[in-house]
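Which chain is which? The protein sequence lines are A and B, in order.
To convert, note that position 105 of the first sequence is 105 in full-length UniProt numbering; the numbers rise steadily by one, no gaps.
To convert, note that position 263 of the second sequence is 263 in full-length UniProt numbering; the numbers rise steadily by one, no gaps.
Hints listed in this document are in silico derivations from the structure and should not be mistaken for laboratory results.
Be a bit skeptical, because a hint or two may be false.
Same chains, same names: a pair is fine if it fits in one copy or spans any two.
[As the list claims (entries may be wrong)] Taking lysine-lysine and the DSSO-like style, the derived pairs with C-alpha atoms no more than 27 Å apart in a straight line are:
hint	residue 1	residue 2
1	Lys20	Lys248
2	Lys108	Lys61
3	Lys204	Lys258
4	Lys108	Lys77
5	Lys300	Lys191
6	Lys20	Lys300
7	Lys141	Lys160
8	Lys20	Lys165
9	Lys165	Lys300
10	Lys191	Lys42
11	Lys274	Lys191
12	Lys165	Lys204
13	Lys141	Lys300
14	Lys42	Lys165
15	Lys61	Lys204
16	Lys20	Lys160
17	Lys191	Lys23
18	Lys23	Lys161
19	Lys250	Lys20
20	Lys300	Lys258
2 protein chains.
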Amino acid sequence: MSLVIVGTVAFDAIETPFGKTDKIVGGAATFAGLSASYLYDKVKLVSVIGEDFGDNINIIKSRGIDVEGVEVVKGGKSFFWSGKYHNDMNSRDTLITELNVLADFDPKIPISYQDCEYLLLGNLTPLVQLHTLERLQNKPKLVVLDTMNFWMDVALEDLKKVLQKVDVLTINDEEARQLSGEYSLVRAADKILAMGPRYLIIKKGEHGALLFGDGQIFSAPALPLADVFDPTGAGDTFAGGFIGYLAKVKSINFSNMKNAIIYGSAMASFCVEKFGTERLQNLQQEEIADRIQQFVALSKFEIAR
Amino acid sequence: MSLVIVGTVAFDAIETPFGKTDKIVGGAATFAGLSASYLYDKVKLVSVIGEDFGDNINIIKSRGIDVEGVEVVKGGKSFFWSGKYHNDMNSRDTLITELNVLADFDPKIPISYQDCEYLLLGNLTPLVQLHTLERLQNKPKLVVLDTMNFWMDVALEDLKKVLQKVDVLTINDEEARQLSGEYSLVRAADKILAMGPRYLIIKKGEHGALLFGDGQIFSAPALPLADVFDPTGAGDTFAGGFIGYLAKVKSINFSNMKNAIIYGSAMASFCVEKFGTERLQNLQQEEIADRIQQFVALSKFEIAR
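Take the sequences, apply the hints, and build the full model.
Right, here's the structure in full:
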């Protein structure tokens, strides 16, 4: 039984008001995989990299993550993204996007991955997400899909096909509005849940996240932070922590989904404390437990009925 | 012992995507007073109106609110505001502002109000807020101040003087950033608390509210709503519910402040369901209790330590 994560493993170059990096390791599957690895011990990645990635793969392997499904294209170059964040850290400009080996990505599922019970389809073209699902011999117990506005613009019909086959969709508030054509997030959620997923998570960055499903709503806080050093990968880290927690507890219900969102939020709060994956490489379980308790303290109140 | 609320009692004309009103009753003290009246039974208003307000005052009096401190200017016209909300309901254009009798407002504190234990200084010029404080013979047990960006622009020094004399400040996130010069709300809160108030509430509209103070942070959710009919007065309704709850429970600590924010948020969630004060005129205690339980369900999660 395993948790399979499909997504990019890549290089990023990032500029924030706090500083600037050269090419460092990034990618949705990298962040999600590292995050999940603190909660569940059978995490397996499906991705594609170029030969230039070299020893950087050890950042992932050293967390015990299986990379058999990470194809290495000989002579190829890895996906590269470069971006610059504005002072408010909520908006950014993309400076460079080089698809490189990602342009022809055709996900290969090793036989050893066919025990997949939990599947995270990271932000990729909807067709690649669909192909991954088709190549699994058994339907996973839980499929979580991440996507973005870009695919709503250029591949909406494919995206709608994938949506019919997933259990949980994670998008941000603007994307929920775009996908549904509704401004109210309650109305947006109704329409999106009618497209297929049983649960919808709306990520609101510094304002936390909302979970819709089973006729219920859960509002999770974000941890107020003095400094957000680098927000890159926070959404992927959230998704990895979310599905990692559910893989660990093995039972899918609204109550566990709520806790999974808190775990995802806690992991994301670490991610933004340093550039790239740095903070996610050497976390201690005790730090995670303390952070979870900060979320409890942040949102707990007691009113007698 | 009483709760005194100082602020505008006025006429509004409102246009939202859902419809349009003629002149209806509005004003910060009206919304705050109606809201507080469901939680505490000795609510007293200080304000000024014109003779044109007429029988409209009964909307306030019929909730058992004392209006001895509401001065009626003979031949005067009441403060009038007209605004139009954009489709997202988060931004609005002011169409008309007629100060009328508010231009020369000099708050009169009736002798019967000198038992004031809880004081809400609604959004007004900082000098009027300061004069009110000076005219109370005894320092109230709790002073809550509401203000806005406009006073930071035109009367910052006066505002800073009032801040030194209050216990709780309520502002929105943009105002917190403006007042502190800090983007991070955690850093903003540190600077603002150093200006005088013991507690800071940052209102984030549809994203809820944050409470800072006593070295702690509380994040309160907002109730996700299918329709926001008219947001006018929601902030004042929040403030009224907040201080009304504290007047009821009579004990000021972080735990009660958290509950007070939930009560304020619940009252505000009613306010936006109809135009103006309509929804706040005939609420049932049972409806309020049910709404509070919705907030509990919305934010509760249980993770074993």
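Results for each hint:
no.: 1; hint: Lys20 to Lys248; result: neither (36 Å within a copy, 53 Å between copies)
no.: 2; hint: Lys108 to Lys61; result: within (18 Å within a copy, 73 Å between copies)
no.: 3; hint: Lys204 to Lys258; result: both (15 Å within a copy, 22 Å between copies)
no.: 4; hint: Lys108 to Lys77; result: within (18 Å within a copy, 76 Å between copies)
no.: 5; hint: Lys300 to Lys191; result: between (31 Å within a copy, 25 Å between copies)
no.: 6; hint: Lys20 to Lys300; result: neither (38 Å within a copy, 39 Å between copies)
no.: 7; hint: Lys141 to Lys160; result: within (20 Å within a copy, 58 Å between copies)
no.: 8; hint: Lys20 to Lys165; result: neither (40 Å within a copy, 44 Å between copies)
no.: 9; hint: Lys165 to Lys300; result: neither (35 Å within a copy, 29 Å between copies)
no.: 10; hint: Lys191 to Lys42; result: neither (35 Å within a copy, 46 Å between copies)
no.: 11; hint: Lys274 to Lys191; result: between (37 Å within a copy, 24 Å between copies)
no.: 12; hint: Lys165 to Lys204; result: within (24 Å within a copy, 35 Å between copies)
no.: 13; hint: Lys141 to Lys300; result: between (31 Å within a copy, 26 Å between copies)
no.: 14; hint: Lys42 to Lys165; result: within (23 Å within a copy, 58 Å between copies)
no.: 15; hint: Lys61 to Lys204; result: neither (31 Å within a copy, 42 Å between copies)
no.: 16; hint: Lys20 to Lys160; result: neither (38 Å within a copy, 38 Å between copies)
no.: 17; hint: Lys191 to Lys23; result: neither (40 Å within a copy, 37 Å between copies)
no.: 18; hint: Lys23 to Lys161; result: neither (35 Å within a copy, 51 Å between copies)
no.: 19; hint: Lys250 to Lys20; result: neither (40 Å within a copy, 52 Å between copies)
no.: 20; hint: Lys300 to Lys258; result: both (14 Å within a copy, 9 Å between copies)
Comparing the model with each earlier hint shows violations of hints 1, 6, 8, 9, 10, 15, 16, 17, 18, 19; every other hint is respected.
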